[in-house]
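Novice: Residue numbers (the numbering used here), protein chains in the order written: chain E, 1 to 649; chain Z, 1001 to 1294.
Because the hints were derived from the structure by calculation, they are not lab data.
As the structure is a prediction and not an experimental result, all values here were calculated from the model.
Glycine residues also receive a C-beta, built at the ideal position from the N, C-alpha and C atoms.
Any given hint could be a false lead.
[What the hints assert, rightly or not] In silico DSS-like links for lysine-lysine, alpha-carbon gap of 27 Å or less: (1) E:LYS418 with E:LYS211; (2) E:LYS382 with Z:LYS1217; (3) E:LYS503 with E:LYS179; (4) E:LYS350 with Z:LYS1217; (5) Z:LYS1035 with E:LYS469; (6) Z:LYS1248 with E:LYS482; (7) E:LYS397 with Z:LYS1217; (8) E:LYS109 with E:LYS23; (9) Z:LYS1162 with Z:LYS1142.
[To be verified] Taking CB as the label site, the calculated pair distances span: (10) E:GLU442 with Z:GLU1210: 43 to 49 Å; (11) E:PRO208 with Z:ASP1188: 57 to 63 Å; (12) E:GLU343 with Z:LYS1139: 49 to 55 Å; (13) E:GLY517 with Z:VAL1202: 49 to 55 Å; (14) E:GLU396 with Z:ASN1135: 33 to 39 Å; (15) E:GLU466 with Z:ASN1204: 20 to 26 Å; (16) Z:GLU1109 with E:LYS507: 41 to 47 Å; (17) E:GLU337 with Z:LEU1221: 26 to 32 Å.
[Claimed, not checked] Not everything, but these chain E residues come out facing chain Z in the computed CB check (under 10 Å): (18) GLU337; (19) ILE341; (20) PRO342; (21) GLY345; (22) MET348; (23) TYR349; (24) PRO422; (25) ARG462; (26) MET464; (27) VAL475; (28) THR477; (29) GLU521; (30) ILE524; (31) ASP598.
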Amino acid sequence: MKKIGLFICHCGSNIAGTVDIAKVKGYFSEYDDIEISDDYKYMCSEPGQKKLRDAIKERELDGVVVACCSPRMHEITFRNAAVSAGLNPYKVEIANIREQCSWVHQKEKDKATEKAIAIIKTMIEKVKRDEPLQPIEFNITKRALVIGGGIAGITAAIDIANAGYEVILVEKRHSIGGKMLELSETFPTLDCAQCTLTPKTVEAGRHPKIKLLVYSEVEEVKGYIGNFDVKIRRKASYVDWTKCTGCGLCQEKCPAKTESEFDHGLGERKAIYTLSPQAVPNKPIIDKNSCRFFREGKCRVCEKICPVQAINYEMKDEIIEEKVGAIIVATGYDILETEKIPEYGYGMYKDVIDGLQFERLNSASGPTGGEIRRPSDGKVPKEVVFIKCVGSRDPEKGIPYCSRICCMYLGKHARLYKHKVPDGQAYLFYMDIRSFGKGYEEFIQQSMEEANLLYIRGRVARIMQEGDKLVVWGVDTLSGRKVEIKADMVVLGTAVIPSGGAKELAKILRTSTDEYGFFSEAHIKLKPVESMTGGIYLAGCAQAPKDIPDTVAQAGAAAAKVLSLFGQEKMVQEPLIACVDADLCSGCGICVTACPFDARMLDDESKISIVNEALCQGCGACVSACPNKACQLRNASPQTYMAMVDRYL
Amino acid sequence: MEIYPYFPGCALSTKAKALDICARESMKALGIELKELEDWTCCGAVFPLAEDEHIRLVSPARSFYKAIKYSDRLVTLCSACFNVLRRSLKVLKENAARRERVINYMEEEALEPFPEQLKIHHFIELIRDVIGFENLSTKITKPLQGLKIAPFYDCLTFRPPKEMEFEDSENPRIFSNYITALGGIPVDFPYRSECCGAHLSVSNPDVSLECSYRIIKSAQLAGAEALLTSCPLCHYNLDFRQKEMAEKNIDFKPIPVFYLTQILGIALGLPKEVLGFEKNYVSPLSLLEGKGLI
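Using the sequences and the accompanying hints, generate a full structural model.
Specialist: This is how it looks when you write it as structure tokens:
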């Protein structure tokens, strides 16, 4: 004979308005195993919880059913109340008579009352069979891995490091700063991007708690929240950075030139090079594809010139192994290749450039030293057309989403252009202007009214080269007229897309991306920085397109999530996970392949399937796959469910 | 000799005879016979956009049943025929209800099952896929050395892209590759796929003339000595209407406009009578003589 307490919640009139509470309460007052059948207007309120606590103590209950709203809402409330009264929390079950009963049967009160009774009956059967369980505890490795050394990764790394925990910051390129370092000025304040960013890159480079691994990529991640084992490939730089002083002599003397990736093809760099004058760390690498020695076997100028003998042509990639407890993904973005938009002639017309190319043209460290000169012939362009939503918001191109930054940065570009070429004319074609951030709308208003930028609401159909002019065919939808502009240069606000390799990284991390390749958050509103995998957090454009203020905010939030994990003594996990009946398991291994979380494996000695309790999420995939019914979920055995169904029928 | 059923269409039997004769004779020289469908009827002229307009699909369907007796590829060359035949076939393959309605109109002509395996091939696809551009360049006897030709991409052959499933309509390359295979120099020009004015030549000839004029100026600015088109209507607008362009613009210099198949005929060394230059308003003879090509 069990002693179970039943507590029925009115939820104001949400439940009581449809279900006859007195009838339900009366039905269960003389019911097998029910010690007490009670009700209250709001069970989740403090007096309601007190009723539950008092009953557990006074009547020595060994199980509780609360008939109320969905377990997603208050299961945790009542389980905590039970714990404080001395009852194991896993002996508390919720009978959902609101979302699954009163709300959906408001016009059929008698039937709703019957259904509420049936739901409660089944949950009584479950609670009778529930085992008292203890939460599972693990140790936490209190070090973090941050993937991506742009503004998002740097911010998150510094926040975590300042709290006293070690951070490994991995960056694909050979210095940190990401896309922000390529920008000239930033909206809405028009302050210099480098001036804002370099204090951060310098701090990250010098921080005693940050281990910087540039020119490196994450290759393998094993383990689970609190205990990840990571393998990182450090690519061969062919320069011994422990010896290199960053004097720059090798860059000066190197005879091989190639297109600069940092300047987006508008400038040149040497085969041995640092990314920018403000590079952190300020150490060069040799690009094998353009180095004369690697291509032709002759040269070795850098080796001869280096005063500290740092050049090493024999260097090999290195694999570094690290243990961390949490991972932040901050892999940033790329922009859509403009070759995918042939109607704007990119690839054929040199003077049709993208937003990042304009940033380099305008940058003091860029190929023109900050003068606005067009790529084809170096002339100062007098008529410049800026086009928004190129690729973005275009389902035909497979990118229906808004890239969120183009409205602002093209406005910024046009303003900066007018600063440098006051007698030039800037035209901006837009669909509508999305200036949602703090100070953004004011910036756009000022651009229109004071900076004399010509905003044209409409799309551009086509760009054609005619002589040394670019003929832009567009439409002004406000006046309903066709517009034809003979421009000297065109700047395209191309769509923001996930950075190359994001999908492969998601596979390595065993987390998911959305249909476009951005990392998926666990909940779009309530868990925007958590990934779908425990212990892996998201920051910046890796999750979705966003501007610098939002990126920094999200990076701070991701760091805070890591810190709240590291603040715990031990990891605690729900024990409602899979277990194996060793007597029934034949070691076939079907559960190992069925498990989406890599939580199942065969024990080396016994050859019987075991569960990694930290990784198991209790999804039940193994339970349905197991041919012998050896896999079961705790407190959810087939016997329990059959008993519940029997009682209902 | 390989035989492919061939649908010439009305324009190629009248105004655009050069396009037709050069196609047949060139193919013969390359070992392929284009066999004209017996008793062919109109291609349909305009593809019906109304979902319930079935009768207009009957005429193309009739050609499909005739073609399948010879091969699973029906070759056509006129841009309008190609557009209508290809889109009609796609609709009849994919929409069972419309197919049934159309077959109901046809009685004894459609006793066999609908020829689902049929494909509509543009002449240039036959060259690309059956002969191959690389192979073609080994078979020509008079490479078009030094001849700068600007290929013009008409709308009907390439659009709507999702239904035509041909080349990238925004950035087509196929005619360029064809010119290269024939030993000529393709000239890329910005207006290569702009509207030629099309049927506006009838209802609003001034607007249409402006469209064609821009195309020609753009090609000339890019250094072209001749244009190339496969569409009879484009040819009319771009070639014949140069008469008016010259009247309206003092500095206008005429430029020959070749049919797609004429340059193949030249490169294969076909006799002058076959090449049909008397049908071109702007004669290419002096240009070709200058290059030593005829």
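Novice: Given the hint of 49 to 55 Å, is the C-beta distance from GLU343 (chain E) to LYS1139 (chain Z) inside that range or not?
Specialist: violated, 36 Å
Novice: Given a hinted range of 33 to 39 Å, is it respected by the beta-carbon distance of GLU396 (chain E) and ASN1135 (chain Z)?
Specialist: At roughly 36 Å between Cβ atoms, ASN1135 (chain Z) and GLU396 (chain E) fall inside 33 to 39 Å, so the hint holds.
Novice: Under 10 Å is the threshold here; is the Cβ of THR477 (chain E) close enough to any Cβ of chain Z for the hint to stand?
Specialist: Result: violated, 21 Å to nearest chain Z Cβ.
Novice: Hint PRO342 (chain E) vs chain Z: min CB-CB distance below 10 Å?
Specialist: Given a least distance of 4 Å, the restraint on PRO342 (chain E) holds.
Novice: Does the structure keep LYS382 (chain E) and LYS1217 (chain Z) at a Cα separation of 27 Å or less?
Specialist: Holds: LYS382 (chain E) and LYS1217 (chain Z) sit about 25 Å apart, inside 27 Å.
Novice: Is the Cα-Cα distance between LYS350 (chain E) and LYS1217 (chain Z) 27 Å or less?
Specialist: OK: LYS350 (chain E) and LYS1217 (chain Z) at ~21 Å, within 27 Å.
Novice: Against the range 57 to 63 Å, how does the distance between the Cβ atoms of PRO208 (chain E) and ASP1188 (chain Z) compare: consistent or not?
Specialist: holds, 58 Å
Novice: Does LYS469 (chain E) lie within 27 Å of LYS1035 (chain Z) when you go C-alpha to C-alpha?
Specialist: violated, 49 Å
Novice: If I claimed the Cβ atoms of GLU1109 (chain Z) and LYS507 (chain E) lie 41 to 47 Å apart, would that claim hold in this structure?
Specialist: violated, 56 Å
Novice: Quickly compare the C-alpha distance for LYS503 (chain E) and LYS179 (chain E) to 27 Å and report which way the hint goes.
Specialist: holds, 19 Å
Novice: Have a go at the VAL475 (chain E) hint: is there a Cβ in chain Z nearer than 10 Å to its own Cβ?
Specialist: violated, 16 Å
Novice: Does the Cβ distance between GLU442 (chain E) and GLU1210 (chain Z) fall inside 43 to 49 Å?
Specialist: 44 Å Cβ-Cβ, so the 43 to 49 Å window holds.
In this structure, the hints that do not hold are numbers 1, 5, 7, 9, 12, 16, 18, 24, 27, 28, 29, 30 and 31, in rising order.
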